[in-house]
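*Asks:* Here is how the chains run, residue by residue.
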Amino acid sequence: MGLTIAVCVTGIVDPQALVEIERGALVVDEVALPHVLNPADANALEAALALRDSRPGSRVVAVSVGPSFQEGGLREAIAQGVDDVVRLWDDAFVGSDCLGTARILAAAVAKAEAQVVVCGELSLDGASGLLGGLLAELLGLPMADTSATAKFTSDGDGLLTERHAVGGYRTIERTPLPALITVATGANVPRYPTLRSRLHSRSASISCLGIVQLGLDSADVGEAGAALQATALRRPPPDPRGLVDPSSDLPPEERWMMAISGGVQEREGALLEGSPDALAERLVRYLEQGLYIRQ
Amino acid sequence: MFSFRMPQLTHTLAGWCAYNRAMNAEKKPEVWVVVGLKDGEVQEASLELLVEGRGLSDRLGARLAAVVLGGEIGPVVPVLGRQGAQVAYICDHPALSDPHPDVCLPVLESALREWVPRIVLFPSDRRMRILAARLAARLGAGLASECTKLDIDGDGYLLVNRPVYAGRLSARVACRSFPQIATFQAGYGKRSAAPCEPEVHRLSASTIAACRSTVEAEVRDPPCEMDLMSADVIVAGGRGAGGPDGFALLERLAQRLGGALAASRAAVDAGWVPAHRQVGLSGKTVAPRLYIACGISGATHHVVGMKDAKSVIAINNDRSAPIFKIADVAILGDVHEVIPQVLEKLEDAGNREEAMQRAFGNAQGDEKWG
Chain A
1 MGLTIAVCVT GIVDPQALVE IERGALVVDE VALPHVLNPA DANALEAALA LRDSRPGSRV
61 VAVSVGPSFQ EGGLREAIAQ GVDDVVRLWD DAFVGSDCLG TARILAAAVA KAEAQVVVCG
121 ELSLDGASGL LGGLLAELLG LPMADTSATA KFTSDGDGLL TERHAVGGYR TIERTPLPAL
181 ITVATGANVP RYPTLRSRLH SRSASISCLG IVQLGLDSAD VGEAGAALQA TALRRPPPDP
241 RGLVDPSSDL PPEERWMMAI SGGVQEREGA LLEGSPDALA ERLVRYLEQG LYIRQ
Chain B
1001 MFSFRMPQLT HTLAGWCAYN RAMNAEKKPE VWVVVGLKDG EVQEASLELL VEGRGLSDRL
1061 GARLAAVVLG GEIGPVVPVL GRQGAQVAYI CDHPALSDPH PDVCLPVLES ALREWVPRIV
1121 LFPSDRRMRI LAARLAARLG AGLASECTKL DIDGDGYLLV NRPVYAGRLS ARVACRSFPQ
1181 IATFQAGYGK RSAAPCEPEV HRLSASTIAA CRSTVEAEVR DPPCEMDLMS ADVIVAGGRG
1241 AGGPDGFALL ERLAQRLGGA LAASRAAVDA GWVPAHRQVG LSGKTVAPRL YIACGISGAT
1301 HHVVGMKDAK SVIAINNDRS APIFKIADVA ILGDVHEVIP QVLEKLEDAG NREEAMQRAF
1361 GNAQGDEKWG
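Residue numbers (the working numbering), protein chains in the order written: chain A, 1 to 295; chain B, 1001 to 1370.
Treat the hints loosely; a few may be bogus.
Heads up, simulated SDA-like pairs for lysine to any residue below, C-alpha to C-alpha not over 25 Å straight-line [unchecked claim]: (1) B:K1310 - A:R87; (2) B:K1325 - A:E253; (3) B:K1038 - B:R1202; (4) B:K1325 - A:S247; (5) B:K1310 - A:E254; (6) B:K1284 - A:V166; (7) B:K1310 - A:H164; (8) A:K151 - A:P176.
Read the hints as simulated data drawn from the structure, not as lab findings.
Please build the complete structure, drawing on both the sequences and the hints.
*Replies:* Printed below as a string of structure tokens:
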């Protein structure tokens, strides 16, 4: 049985681009800035396509909130091979905060009748990392976050996701469908579009849904529905950075290496000598004291 | 005390009305900090957030309340008081020992509807962010995430600084809703607030919900696949490891310590280890809890990649190897002679412990040797 998989993507201002702000401005004029697909969304897209490919008859719909100059993300999604794309924009959406954006996406996902929703873990520009949680709650779905891999369970009515944790641990979680998953940045390698699909994506028409088609209330979205209001925008002060101060007794190449290395701290471990057996004994005792040995 | 202007937003009117009703019923205004626990103790980030929250509540003439949901909370209440919490809302329930947002959210929501705080603050970790997001979506409240600075504006609302455009700009954002929710990025500034004796309220556990997703398995990667950046323990080999046989030994050691296997450039160039496991200037930069350098001389190119390790053990048969200068334990010996002995002794230690546990039973064994 085929499913509909919705994947939420966003175009962000190129992280390499210089973002200029005018004095006293509260928003950045993004029209002239280059946009790229948000890195986590590229991984979300790949995860969604892999889910589709494992289940015959399924389709992937990419949805994105943004004006037409941000539709590069959707074109990328077409090139990657999604079945349908929808752009969500209306003059009433201008100034939405993260909850407003989530409301718009929730309406679109509900309209598409998707059983699986896939999002990137966070967008690099807003970097709020909240969308997954907000969307899951608005849609009333269970959620598996920061997944590295996702696949359908063998009985087909759930998702198995794997999350990587510190220390090489992996947690495998089972979430019943319908469900929402967020995909960790860099979790997979997005597929490489063919030239044909790339060209097709350039000329494909992208439909746009507005506030009326989505059945939203203008008091819930855009500036009217935004509880967050920017009051100032500025460049952050640079991070304090420790300076390396190499001793002048050292030869110049050593000093250079220290400057490059950021200053390497010497430690005061005494040199241990003896038979391999005695040395091993000392080492094991050190490991035991540091509680490095676990069962 | 601030005079509160009514928020402009229609969808937060309900929140504002609820807040005013609570104030008319002689409830005291409160700032809440949802406290995260780690291994039964208060997380560092939450400690800092409590102090931050006390600053806000003092400015508002409100009380600071710490909210703790967990499996065993009793011992942390005095800690909350030391950080300035005047009230502690606690919910002690075995189901909360693994605080999944599905489980915690109903408890938090019903508490929130009963006590009506003005501001709710969360530390910014993976689970707390989801909990904050789900709560905000349920209440239709404003939520500012990843805040680096918290303040109160002239109208008595929460005012935060948060990074935007991948940190290239910092936005100052006013949060105008009831309640105002924010997640805070702790900078681990060790500050303290005026200590007090918190007034403890127990939250009802009757609203605890079942977790909709289940953990199927928890597995650990083998040393050759484990992510170097997140590994706790790294066993690294260099030219002195002598070849694939030497690395097989190191891999066994890494496996035993639950760590990852890494290498210096010399070993990668020799083709003994794949390139993605290289540590150093042209490889990865790591900072594990323990770094064991086996047969690595310690050229600067390697050392820059591991100098931030918490402790370093170096095994080398060259007395003048520079790696010894940065080692906490410096062992002059051959890798091929020392490591097999270490493995043997670790095996013995493992067997001993196992025998001990069999003899005394688990609980007693833990108490005595844990």
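*Asks:* What are the numbers of the hints that this structure violates, sorted from low to high?
*Replies:* 1
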